[in-house]
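All chains should be modelled from the sequences, with the hints used to inform the complete structure.
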Amino acid sequence: MTSRIACLLVPDLPWVALVRAHPELAGRPLAVTAGAGPRADVLACSPEAAGRGVRLPCTAAQARAVCAELVVHSASAALEEAARRALLDAALGASPRAELAPVAAGLRAAEAAVFLDASGLTACFGSEAGFAAALSARALRLGLPAVVAVAGSRAVARIAARRHLPGWLARPPGEAGPVEVVTPGGDSAFLAPLPLELLDPPDALAEACTRFGLRRVGDLLRLPRRALLARLGQGGARLLDVVLGAGQEPPPPAAPEARLEESAELEAPVDRLEPLLFVLQALLSRLTARLECRGLGCAELELGLRLAGGAREVRRVGVAAPTGDVRVLLRLAALALETHPPDAEIEEVRVAADGRPLRGDQLDFFRPAGPAPALLGRTLAELEALCGPGRVGAPVVVDTHRPGAFALAPFAPGAAPPPRRERAAGCADGVRESAPPYVHSLTVRALRPALPAHVETRAGSPVRLASAVARGDVVQCAGPWRTSGGWWSEDERFAFDHYDVVTSDGTAARLRYDLARGAWTVDAIYD
Amino acid sequence: MAHPPSARLAEREPRLAAALRDLGVQVRRGAPPEAPSARCATGIDAVDRLLGGGFPRGGLSEVVGPASSGRTSLAFALLAAATARGELAALVDAADALDPPSAEAAGVDLARLLWVRPPGAREALRSASHLIGARGFAVVVLDFAAGGAREALGARSWLRLRQEAAGTETAVVVLSDARMAEGSADLALALAPAGTRFEGPAHPDALPGAEGALLSALESELWLVRDRRGGPLRCAGARWPQRGAA
Chain S
1 MTSRIACLLV
11 PDLPWVALVR
21 AHPELAGRPL
31 AVTAGAGPRA
41 DVLACSPEAA
51 GRGVRLPCTA
61 AQARAVCAEL
71 VVHSASAALE
81 EAARRALLDA
91 ALGASPRAEL
101 APVAAGLRAA
111 EAAVFLDASG
121 LTACFGSEAG
131 FAAALSARAL
141 RLGLPAVVAV
151 AGSRAVARIA
161 ARRHLPGWLA
171 RPPGEAGPVE
181 VVTPGGDSAF
191 LAPLPLELLD
201 PPDALAEACT
211 RFGLRRVGDL
221 LRLPRRALLA
231 RLGQGGARLL
241 DVVLGAGQEP
251 PPPAAPEARL
261 EESAELEAPV
271 DRLEPLLFVL
281 QALLSRLTAR
291 LECRGLGCAE
301 LELGLRLAGG
311 AREVRRVGVA
321 APTGDVRVLL
331 RLAALALETH
341 PPDAEIEEVR
351 VAADGRPLRG
361 DQLDFFRPAG
371 PAPALLGRTL
381 AELEALCGPG
391 RVGAPVVVDT
401 HRPGAFALAP
411 FAPGAAPPPR
421 RERAAGCADG
431 VRESAPPYVH
441 SLTVRALRPA
451 LPAHVETRAG
461 SPVRLASAVA
471 RGDVVQCAGP
481 WRTSGGWWSE
491 DERFAFDHYD
501 VVTSDGTAAR
511 LRYDLARGAW
521 TVDAIYD
Chain Z
528 MAHPPSARLA
538 EREPRLAAAL
548 RDLGVQVRRG
558 APPEAPSARC
568 ATGIDAVDRL
578 LGGGFPRGGL
588 SEVVGPASSG
598 RTSLAFALLA
608 AATARGELAA
618 LVDAADALDP
628 PSAEAAGVDL
638 ARLLWVRPPG
648 AREALRSASH
658 LIGARGFAVV
668 VLDFAAGGAR
678 EALGARSWLR
688 LRQEAAGTET
698 AVVVLSDARM
708 AEGSADLALA
718 LAPAGTRFEG
728 PAHPDALPGA
738 EGALLSALES
748 ELWLVRDRRG
758 GPLRCAGARW
768 PQRGAA
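Residue numbers (the working numbering), protein chains in the order written: chain S, 1 to 527; chain Z, 528 to 773.
For the record, the hints were derived by calculation from the structure and aren't laboratory data. Any given hint might turn out to be false.
To be verified - Chain S regions said to be covered by chain Z (calculated; three or more residues, Cβ under 8 Å):
#1 135–142
#2 348–357
#3 379–385
#4 468–482
#5 500–509
#6 513–527
If you're wondering where the values come from, they're calculated on a predicted model, not measured in any experiment. All C-beta atoms in this analysis are idealised placements derived from N, C-alpha and C, irrespective of residue type, glycine included.
See the structure below:
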């Protein structure tokens, strides 16, 4: 199969990253500078600013002189890195093999590119043009308008994408970027009429090419390789290799581990939860959009805070089941912050998530249908956000003698064995289902914590009880029997004498006498 | 139109039946899952007879009674029957009173029971809404039997819960010490303690000189006090003995 590589290219990453984080800036003339102050260099500007005459290179003061209503923002390395990673997520949503291109230098420093393996994907998307359009749409959903090109190699795909850059600034806002598909095997023919500068030759080589009258890629192709090597050296041969697709790199590697991160520096330190939640909501929205693009949910949320004074705090927020629901994650984060407020004002917030596949268990044909796995996962996450961590799950009987001990396990009903079936004579298929006979057992309602009780005794047995749940003369009594354990530990040691009593008000209760503390409590009601 | 089986198929049929018998539970004949019945049975004959088959699916039911009247035992029986059928069940435990060993002894498949421990009555009601919205839980039991929730929840909350349950396959059952849902409930069952029995041997860990046999049974009386779907009340009440597993 012919190798096919797609290039997803964002030419002006600084302003695209800024608008992605601050959607309210969309549609306004915007310039992103390398630093603060009027002499700072403008790294990139929005189409609206370009439309009002701002041209690079220039300084912030020069740009303002041309466009009075220009909004100037300093570039943020964190935002750009997050946008770069989001571009990779958009690519990984369409192809399993993708990689970020190294950050370019010089005039291309504002460019972000991702290469992805486009071989064999036409079966999924209909055609390579369909694949490119889907890829462009995915990038746009993540707030990254990008150009997509498909060709036989990374270099040619990138050149094909760059060919659309002159018209890039004139495109209507909110519209997906253009796509270009180079016919398989037609890389050389595609490049031939293009200017040689698109191959990014070093300055000296570009000058030599101009001196020899080589202006287009086709001029280079017409020359014999040996003569080119003699006159332009190894650099010339490398240019030719790029055009011919010789000595190609291996295809992009498989997807890296899904750890996604978004961060925001606050304009002013925040000490209240409400404004912080506003920022967190935006961060989580971006994070979940990236997760959704890759078909993943957030399994654990990490909340990083940089506090005034330079201290840093990291909190891990457990999620009952992978989810991509922003409301749920926001509620969990709010709960974590409310429970343990930070010690100082917050200057920077970072959220990170481990992406895990959303639940997609195979349903059992022989069981009644339960909730859809994805819906169940979301419900569990919502319940945990509502009730607090560690308060939702499947109950587990703990191997201990301590009364009232319990534990919770993650609720995963798919792992349970199928319902019990038994053979039945005379049944058509020899096997029929039957529910197990109900075992009538004396049921206990635990009281957590055990309620203090005032107990009158006669000859060691309770005769009168006063507590919040049962009160009156003890009309029937059994016991005591002793429960003890944890003798090996000072903190866990317990020794109780238990009595079953029925009081004159009709309540059947389990009384407990703590031998260590010498106190009576009611720890359960029979119900 | 039904076609008579071919002679070859008829010849194979006994062998197939024999193979199925030999393989036992490992192989089952495929058949479409049975549609759930309109009622969620408890597995206790006296109660199911009284309720006309069980608690209504897609409806809100109340089980009301004082301490030791058997509310929890009835809820466990309902949960045990649902999980034994392979269905999922949820317990929204506003009272934080679930004793897992007790539930397991009552036959509840704990792996198919979702235990939600909300911090308050409002959260409990919202949890129930989420569970009903998940569509697939056969039973959602709300345990308010510790009291104190009546004031926190208004009549409108119960009406909303009933509307959310309507049209689903979920039987929503509220345990409490006094009527809470009132007119919003499709069914209301009142329980009262009817006696206790101390029988059998003493506890194996009983101390020397300990008096009496173990508490071995509670008896409850039940009255169907409201049944919106079942027409006129079918039965005034029933007695239900609960015996100790030991």
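The hints, checked one at a time:
1. Evaluation of the coverage hint for the stretch 135–142 of chain S: breached, as 0 residues show C-beta separations to chain Z shorter than 8 Å, against a requirement of three.
2. Three residues within the 8 Å Cβ limit are the bar, and the stretch 348–357 of chain S against chain Z gives 0, so the coverage statement is violated.
3. For the stretch 379–385 of chain S, the proposed coverage by chain Z is satisfied: 4 residues have a C-beta within less than 8 Å of a C-beta in that chain, meeting the threshold of three.
4. Counting residues of the stretch 468–482 of chain S whose C-beta sits closer than 8 Å to any C-beta of chain Z gives 9, which meets the bar of three, so the coverage hint holds.
5. Only residues whose beta carbon comes within less than 8 Å of a beta carbon in chain Z count, and the stretch 500–509 of chain S has 6; three or more means the coverage holds.
6. Judged by the Cβ-Cβ criterion of 8 Å, the stretch 513–527 of chain S is covered by chain Z as claimed, because 4 of its residues qualify and three suffice.
When the structure is compared with the earlier hints, violations turn up for hints 1, 2 and for no others.
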